[in-house]
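Novice: Listed below, chain by chain, are the residues.
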Amino acid sequence: MNTVSTVKRYEVAGMKCYVCAKAGKDTEAVGICIVCGMGLCMEHAIREDTQVWEGGYPFPATKTKGKIPRILCEECRTALKR
Amino acid sequence: MVTLVKRAVAECIGTLFLVYFGAGAAVITLMIASGEKTSTPFNVGIGALGGLGDWIAIGLAFGITIAAVIYGLGRVSGAHINPAVSIALWATKRFPTGDMVYYVFAQIIGASLGSLLFAASVGMDAVTIGGLGATTPFPGISYLQAIGVEFIGTFLLMTAIMGAAVDRNATPGFAGIVIGLTVAGIITTLGNISGASLNPARTFGPYLGDLLLGGSNLWGFFPIYVIGPVLGAVCAALFYDWVSKEE
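Just so you know, the protein sequences line up as chains A and B, in that order.
Heads up, the first sequence is in numbering that gives the first Met the number 0, so the first residue is 0 and it goes up one at a time.
Heads up, the second sequence is in numbering that gives the first Met the number 0, so the first residue is 0 and it goes up one at a time.
Just so you know, not all the hints are guaranteed correct.
Cut-off 30 Å, straight-line C-alpha distance, at most; resulting in silico cross-link-like pairs (DSSO-like, lysine-lysine) [unchecked claim]:
| id | chain 1 | residue 1 | chain 2 | residue 2 |
| --- | --- | --- | --- | --- |
| 1 | A | Lys64 | B | Lys36 |
| 2 | B | Lys5 | A | Lys62 |
| 3 | A | Lys64 | B | Lys92 |
A few chain B residues that don't get close to chain A, going by computed Cβ distances all over 10 Å [as the list claims (entries may be wrong)]:
| id | residue |
| --- | --- |
| 4 | Lys36 |
| 5 | Ile69 |
| 6 | Gly73 |
| 7 | Gly77 |
| 8 | Ala78 |
| 9 | His79 |
| 10 | Gln144 |
| 11 | Ile160 |
| 12 | Val165 |
| 13 | Ser215 |
| 14 | Asp240 |
Hint data in this document are derived by calculation from the structure and do not stem from the laboratory.
Owing to the predicted nature of the structure, the values given are computational and were not obtained by experimental measurement.
Glycine is no exception: its CB is placed at the ideal position from the N, C-alpha and C atoms.
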């Protein structure tokens, strides 16, 4: 298995990195920000353990016991940390 | 999860709104219709203005308030705002005993404050003409019939809660509007039979307000609005668990 085919396997079919596209570059996306849905390349995707709330009516919402890994873009990551 | 005290406060405020706006709508209807001649003894004033439309209006006042409380406070406390719902979730082992007891007390306090606040907002006519929106069986309806009607109404309400909110496969985000409209529909049909309380706290508040402010003493009817709703909600929760369980 060569490097190119390995990368291809993780590309999001047909989607480009939004951040790169804005800078005039054409880079394949390897992930999608779970908050805003932005396509992200390996350079701009941030995989981070995030605190998640679950539940709701008719039960109080609760934090999950552990943090859950999430793919985020820089903007959403910053917003979640506020 | 926020502390139990905060959740109890949320239940208290939610039930206060339910009684203020829901039972308040019944009071206002009776006050507007005051002095109107009614065509039948079965019509005590609600229905004098627009027939069943009066009950639709009251039902929607309840339903929209319930939807607002569910969307506003649902993630904080669960927005039960009804002891029958808290007891049914407890009976099916979905809700801890200690929390249930706190919730029921908070709901009763909230309903009482809602009634007193409405009387303070409107004046003594709310008590003497509107009876603070207290529920009683209508003329010709027996004690047992009223219990049965409250049972059936709350059974439908709790079934909607189970299917639209408790079930893990329920579509998120719709529970508030579905449950609000369910209550509005139930009140439209059952309002002129038993009062369509579906909620022991919703009846407790106006009963206490009437007693404290010199209105009618209606406590003899109170068991109707405990037995019917609590049994109806518990049976609906058990029924839903049985009927939805995959073999």
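Novice: Report the numbers of all earlier hints that the structure fails to satisfy, in ascending order.
Specialist: 1, 5, 6, 7, 8, 9, 11, 12
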